[in-house]
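A.B. asks: Since chain A is already given, all that's left is putting chains B and C on it; use the hints.
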Amino acid sequence: MRRTSCFLGIIALFLVHLALLSLHSRRVQKLWRENELPETRKLVHRLALTDVALWTEARYTRNPALADFFTPFQDFPAAFEHFPAGSIIAPTLPAVDSRLSIDTTTGRTRQ
Amino acid sequence: MADIIQVKRISKYYNWKKPDEVRALIDVTMSVKKGEALVLCGASGCGKTTLLGVVGCMSRSTSGSVLVAGRDVSRLPERFLGDVRRKTFGFIFQQFNLIRTVSVLENILLPLYPGDLSMGQMKERAGRILARLDLHDKVRTKVARLSGGEQQRVAIARALIHQPQVIIADEPTAHLDSTLASELLDILSGLKREGKTVLIATHDSFVSGHPMINRVIHMRDGRIIDSSDS
Amino acid sequence: MIRLLKILEFALSSLARRKFKNLSIIVVYSFTIAVLASVLLLTHSLKKTALAVLVDAPAIVVQRLVGGRHELVPISYSRIIEKIPGVGRVHPRVWGYYYDSLYHVNYTLLGINKGQRRFAMVSGKTLTTDEQCIIGQGVAGAQHAETGMDLLLIDSKGVGYSCEISGTFKANSNLWTNDLIVLSNEALQGFFGMPDGLATDITVEVFNGREVALVAQKIKRLLPDTRPITIDEILHTYTSIFNWRSGMMLTVFTSSLIAFSILAWDKATGISGEEKREIGILKAIGWDTGDVLTLKLFEGIIISVTSFLAGISLAYVHVFLLDAPLLMPVLKGWSVLFPRFHLVPYIDGYQIIVLGFLTILPYMASTVLPSWKTAITDPENAMRGV
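Residue numbers (the working numbering), protein chains in the order written: chain A, 1 to 111; chain B, 112 to 341; chain C, 342 to 727.
Worth flagging that the hints you see were computed from the coordinates, not collected in a lab.
Small disclaimer: the values here were computed from a predicted structure and weren't measured.
Fair warning: there could be bad hints in the mix.
The following label-pair restraints were derived from C-beta to C-beta distances [as the list claims (entries may be wrong)]:
#, chain 1, residue 1, chain 2, residue 2, range
1, C, W713, A, R3, 21 to 29 Å
2, C, L598, B, D131, 25 to 33 Å
3, C, D607, B, T212, 54 to 62 Å
4, A, E34, C, I694, 49 to 57 Å
5, C, F372, B, S229, 50 to 58 Å
6, C, K362, A, L15, 22 to 30 Å
7, B, S155, A, L15, 15 to 23 Å
8, C, L699, B, R134, 50 to 58 Å
9, A, S5, B, K129, 48 to 56 Å
10, A, E39, C, E412, 33 to 41 Å
11, B, K128, A, A12, 40 to 48 Å
12, C, W713, A, E39, 53 to 61 Å
13, B, G231, A, G9, 18 to 26 Å
14, C, D471, A, E34, 32 to 40 Å
Idealized CB from N, CA, C, for every residue including glycine.
Chain A on its own, in the form it takes in the complex:
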């Protein structure tokens, strides 16, 4: 059953490939956690950073964690939408009594 063998062989190759990618993923994660993460965390701590520097067009896109609902409207009347950052960043509901908690030793979040 030539075709069946070929097909199952192709699927097996894909699965092996995905397994290798999974190993790659774990390895890179491990290297990042061991080599870069500690220094990045120190940097963020020392500079007291609160946000990633992805979109620099406006206050609420540069520092979304420090923005609130009305911040986008403070730019000026008839301000253009900052695209695509303004579309990607959906407003997050205020979480005054957040059920999210962090484990400061491992950095993992819990809900």
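C.D. replies: Just chains B and C, lined up with the frame of chain A:
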């Protein structure tokens, strides 16, 4: 000899109770003995193909019953009929009904795919039939490239590969010249000698007059009008 | 088992007879899944990276609001906050935004104390004078500047301000520092023209992580014109900001799903006469309804599983090995200063399984269901195409 097929008062209507209702079979009763070679004769549209279809579990009658090896199959759910077709009947269609884009070998093996034989065993069985029907050099040829006679032989091979008890042939000589028709009847004759039951629908007198035929049933307008020993 | 393998063989043979059509379906299907999976992988990776790092963000950031607008906060508020039990270091931050009209980019200017020990993620020296600065890779690129050169900015009085670039943040910190210019607090206050005694906001350290919300409430009570933002809220922002359910990611995701649905619908609405005839022939020669449906199921599985595995592989390679060259422009949009960074390959197995569920099952259904009616029909009618 015991009856392998019994047909009791079957009728088959198309578009039943509608203005364009067609009565293909009306109150037909007949029986076929095991090992018998029987011909259904009649003009085009007399109902012989329809009768073969009902007997071979290709379609259902509107009323009446069909018994195959003593079992009433007329009201059996469709999901069980495949088993009956596979174990009992080998059908040679008038239009062959081969899959044209597939090779000769694959067409012949088709009935065996759902069974328990391994591919090796299937190919071995196909090899014997291909040799018997002189098709061994066409194994990988696509059916679309074959002549009418060759396609007929492929259709026969496919009908025989699962070793059915009953061979049903609908107008088997329709696309054949006299030489090929004679060869075909020799093959069917050989099968009858092996104990197979043969049912043929035809309006070709060459077939109905062949020595292997035990009985000829004449049909007209969906009814049996005469049944005579050959 | 042998029966299933044989039916699989026939299914493969059946698909191979329509080679080009089926290969095209696999290509389109794989591409659709690759796009969907790329969006999921990218957003999940960004989220996990951000969360992993931001656990060291300030426990509380205190902003001041006047008339609903963000205003500078008096440094004296720090002394009130320091007295709250459980509070550690309280540090007024000076930072802000600067628009470079020459290069049309926005920078973030941040003040730190002079004479700190060296940053590991900086190539060069730390700040020791008010005339020095450390810049991010994006700033360096925009200004065509590097360590040792001078950076020229225009201050709040419209006067040119020049500082020596004492260091540049390394590329592996781009996600955090790409647009940063770090100056001394004194230099920055003078640059912004900030009055004495005021800061941009105040960061608060809390000894016990569980008391952060309580401390924030106390700050709000003691200083009603402030808005304390806790670390939980910062992290909450990032659990949802890259959520695939929001914003443009949703649009990309939805568009891909719609394209895929059209593909599946096209299949589902038409079983061709040729296919009906084939099913009729199979039934006529002894195949059960179950055998026929198994055949169709296998045809669907072959295409969908192959495409899914190919799509996922492609997505991983695209996002984590090639740095998502097709998605980054979508993410970047009109950003002038967008960081170049490598994504850490975090994979959410749950999302991949859901994606498989949403793509494989509908395709299998769209292959089996149209054949169902024909498969339960009498062979005679099926062969006639009825």
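A.B. asks: Take the hints in turn and mark each one as holding or not.
C.D. replies: Hint by hint, here is what the structure shows:
no.	hint	result
1	W713(C) <-> R3(A): 21 to 29 Å	holds (25 Å)
2	L598(C) <-> D131(B): 25 to 33 Å	violated (46 Å)
3	D607(C) <-> T212(B): 54 to 62 Å	violated (22 Å)
4	E34(A) <-> I694(C): 49 to 57 Å	violated (29 Å)
5	F372(C) <-> S229(B): 50 to 58 Å	violated (39 Å)
6	K362(C) <-> L15(A): 22 to 30 Å	holds (26 Å)
7	S155(B) <-> L15(A): 15 to 23 Å	violated (58 Å)
8	L699(C) <-> R134(B): 50 to 58 Å	holds (52 Å)
9	S5(A) <-> K129(B): 48 to 56 Å	holds (52 Å)
10	E39(A) <-> E412(C): 33 to 41 Å	holds (34 Å)
11	K128(B) <-> A12(A): 40 to 48 Å	violated (57 Å)
12	W713(C) <-> E39(A): 53 to 61 Å	holds (60 Å)
13	G231(B) <-> G9(A): 18 to 26 Å	holds (20 Å)
14	D471(C) <-> E34(A): 32 to 40 Å	holds (37 Å)
Checked against the numbered hints above, the structure breaks hints 2, 3, 4, 5, 7 and 11 and satisfies the rest.
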